[in-house]
Amino acid sequence: MTTLRHPTMLALMSACALQLALSPPVQGEPPEVLSRAIALEQQSQLWQAAQQLTTERPQWAEQVNHTQPSRSRTGSLVFAPSQIADPAAATLLLARSGRHPDAAFRRAVAEALPETHSPQLGILIAAELALESEAEVRVSLAHALRYAEDSSAPQTLMQAAQDSDPRVRETALLSMRAHPQAKLFAQAIVRALQDEDARVQAAALRAWGSLRDPNLRIDIEKWLRGESAQLRLAALRGQWRVDRAVARQWVGSLDLTHDPAPKVARMAQRVLSAD
Amino acid sequence: MLLAGSLAFMACSQEDDFADSSPENASKESGEPQASEDGSKAPGSVKPSGDVGAGKSSNSEKDSQGKQEPSSGDEPSDNDEPGESGNGESPEPSEEDNDPKAKTKGAFVTANIDDDNKNGTADFQEAAFAEDNDIAEWKLPTPTKGETVKVRLSGDLDKLKLWKEGKDWMGAGEGKVQKEFSFESPGESITLQVEMGAYNAKAELEVISSSRGNERYALQASPLILNHHLQGFEKVWIVNSPASAPTVDGFRAALGNQVGVLSASDYRNDIWLQDEIEFGSMTGMNGARINVILDSIRNRGLDAFPEREFTTNKGRNKDWVLEVHGQGRATSGDSFGNLEVSPPVSVGGKKYPFGRIYYGDRANGKLNSQLQSFLEAQKIQKPFGFDTSWLCVSHVDEILTFVPAPSAPKGFLMLFGDTRAGYKMLESMDASAPLSRYRYRTVGEMRDDQSLRDRNEEIQQDALDPTLARFKKELGLDDKDIVLVPALYHDVTGCKGPETAAALIPGTVNMVVLPGKKGVKTKLIIPDPFFRSSGANQSQDLFISYFKKLLPDNFEMHFVDDWEAYHKKHGEVHCASNTKRVPGGKWWKAAE
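Order-wise, the sequence lines are chains Z and U. Going letter by letter, the first sequence gives residues 1 to 275 in the working numbering. Going letter by letter, the second sequence gives residues 1 to 592 in the working numbering.
Worth flagging that the hints you see were computed from the coordinates, not collected in a lab. Heads up, the beta-carbon is just placed ideally off N, CA and C, and yes, glycines get one too. Please note that the accuracy of each hint is not assured.
[Stated by the list, open to error] Straight-line C-alpha distance at most 27 Å; calculated DSS-like pairs for lysine-lysine:
#1 U:K496 to Z:K263
#2 U:K521 to U:K379
#3 U:K549 to Z:K263
#4 U:K424 to U:K202
#5 U:K150 to U:K167
#6 Z:K222 to Z:K183
#7 Z:K263 to U:K589
#8 U:K179 to U:K164
#9 U:K202 to U:K167
#10 U:K164 to U:K350
#11 Z:K263 to U:K167
#12 U:K105 to Z:K263
#13 U:K351 to U:K105
#14 U:K496 to U:K518
#15 U:K521 to U:K496
[As the list claims (entries may be wrong)] Here are the in silico distance ranges between beta carbons for each label pair:
#16 Z:S82 to U:G328: 29 to 39 Å
#17 U:D478 to Z:S133: 51 to 61 Å
#18 Z:L254 to U:K496: 30 to 40 Å
#19 U:P246 to Z:L254: 37 to 47 Å
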């Protein structure tokens, strides 16, 4: 488990949080989702930690607590990295976010978390993920988790992969494939192939491909024969990354170079033309 | 002094014996107001020719209505000549226009839709007045003296007024449309004043006589022509805010007083100047110029900028017009970083001497359909769209740009952000080279991030390769016209979906291209890629060294720090700024 840098962060590690953090990261069965009660307890401890930080480092805390996000090119809110580039800033930002009524602000906090370089992102995000009502904010939290390297991060990502909103599940899977410990998520990724939402299935196929594990075999035929070009592309590309010979066989047997979707046909050409 | 253009118009007639050197017309060339038969002033003859004869904006003597001080560079700068290979010549008439074999003959003018008397009404909608500088004189050849001549006018008659000696002659003047009549030829050219009321308005004047048969003359208003990067620049603007100070300092260091700096606090902290407006122009054969500002329906803080600085009279001013097309909820696709123009190209025998407009048409939303229709109606820069939906911001300026390059086959190069080139660059570098601004501590860490590589491979295959192929087709380009610039993208949230891309390494193609006078290097203002350790300077930057070797030597490159204010908010220096340029040249030679 990652060592906590700041003494006040110890306050965050309640018995509940520790229990989560120390759970085996991935098993065959999906992990238990963090309960609201535990999340509320964690959030309460986060606020206490933030209060403690404000006492210990008043000047710096004042600055972080007053920094405001400004508009990105798309109009979304973004914090200036230099204002929050401190691991402990994650605690202050999340404390502000938890009390803030504006979802756009909370989303800005979620997107800013990686800029703090906090070594505790996984555990910090877990409670937010459980308590946040807006799916778009949870999407950003799930995205931030790809940069979380603490021991709680895998568990929190698994939690995100079970979210009620397919966009959050999709993002969680894409974060899994981008995560430094991506291989931990193999079973979760395979499970997500059965998700009811096509976007989530596509994300799972992409994540499966990026694992490049020849032992993690799946049958991609149903996707290759399916209606969704997005799924056909993800399945073929995934197979290409896992096993090129099998991908070539599929291209030949299903004549995918003539797929009506240009992206699929181009991928198929690439499969055939590559060494 | 009469407009030099009148000579050019005269020369559009086909035969020398129609040349007019009468004392009367010679006196008109003195520029003195001409009295008509009834003693009133003819609209065309009262034109202050000095405003339009030089092919430059008359802004230097512009009014107190929000115009820049001369020191701020609003008037044409020393850089008002085209780039080395640019198409930026002024619209001043030339001998070539006098070619009797010229394909087109007639009058080609600006649409008189600015507001020279600054009363908030388009000049065409008003009775003629002395200050109006967009009513062009035109000499109509006539046959043998005494012969009866019949003239017939057809086309956009409600958008045309023809005056003769201060009197309504044909067209829509005085509330009625006069289509045809006959008169006795004076045996010499008659001087008319031509006034058009809309972009691209077209009419044909047919002159029928027994001795010369039927002759047809085109009367046409300029289309709106948007600027491309090979045109010389007049001035650049950027917005100053606490976060953007390093960027502004970089622009100032590169451009001195040719950069105008706005205060973010005056514009509700909106710093995305590229996205609010697009500069363009109309020009006429007589050297007239009207600056046109296309105003996005984006309408964030900088929406006030054009009206405050240029078009203070209900969206118009002397030699300025503001155009807004579209309505409803704007999307990122409606921002004008998503609206750019290629250099002049020839595609399958079809010439586009003013380039082609391009935009993201499946962006986060897309360019408003009403604006698309308006741009298509201009015809001369035939627009095309392509898929930018994979990008968070979805703007075309994130992917590619064009720079002048005299040594290149077409006189320009397309710089295209390419992830294969990005990895090729990374693989050429020392893996242990430190990076300070990225989440990767070294070049090797970035290079070896397999998920990043996977994602960039997907972007390359699914988005960039098709885009490059599309540009080759639409602009008639081949590999010699293209430089693949190292680029890497990563996924960000805050846009329309869970996974949309933005530049990981500052997007160097999102640069500002500023051609200068002939023989002067084109200035490129480029986002600093920060491919170096924290203590190192730009001379030690690995990306900059690599990048410089990719381009010919006709550039003066300025790498500007836009990291915090722009890059981390999904934009770069091009998004941060806007550039007014010298008009592109003689559109009438390309008129259909």
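Hints versus structure:
no. : hint                         : verdict
1   : U:K496 to Z:K263             : 21 Å, holds
2   : U:K521 to U:K379             : 32 Å, violated
3   : U:K549 to Z:K263             : 33 Å, violated
4   : U:K424 to U:K202             : 53 Å, violated
5   : U:K150 to U:K167             : 18 Å, holds
6   : Z:K222 to Z:K183             : 25 Å, holds
7   : Z:K263 to U:K589             : 41 Å, violated
8   : U:K179 to U:K164             : 15 Å, holds
9   : U:K202 to U:K167             : 21 Å, holds
10  : U:K164 to U:K350             : 38 Å, violated
11  : Z:K263 to U:K167             : 64 Å, violated
12  : U:K105 to Z:K263             : 50 Å, violated
13  : U:K351 to U:K105             : 20 Å, holds
14  : U:K496 to U:K518             : 45 Å, violated
15  : U:K521 to U:K496             : 40 Å, violated
16  : Z:S82 to U:G328: 29 to 39 Å  : 37 Å, holds
17  : U:D478 to Z:S133: 51 to 61 Å : 54 Å, holds
18  : Z:L254 to U:K496: 30 to 40 Å : 32 Å, holds
19  : U:P246 to Z:L254: 37 to 47 Å : 54 Å, violated
Of the numbered hints stated above, those contradicted by the structure are hints 2, 3, 4, 7, 10, 11, 12, 14, 15 and 19, listed in ascending order.
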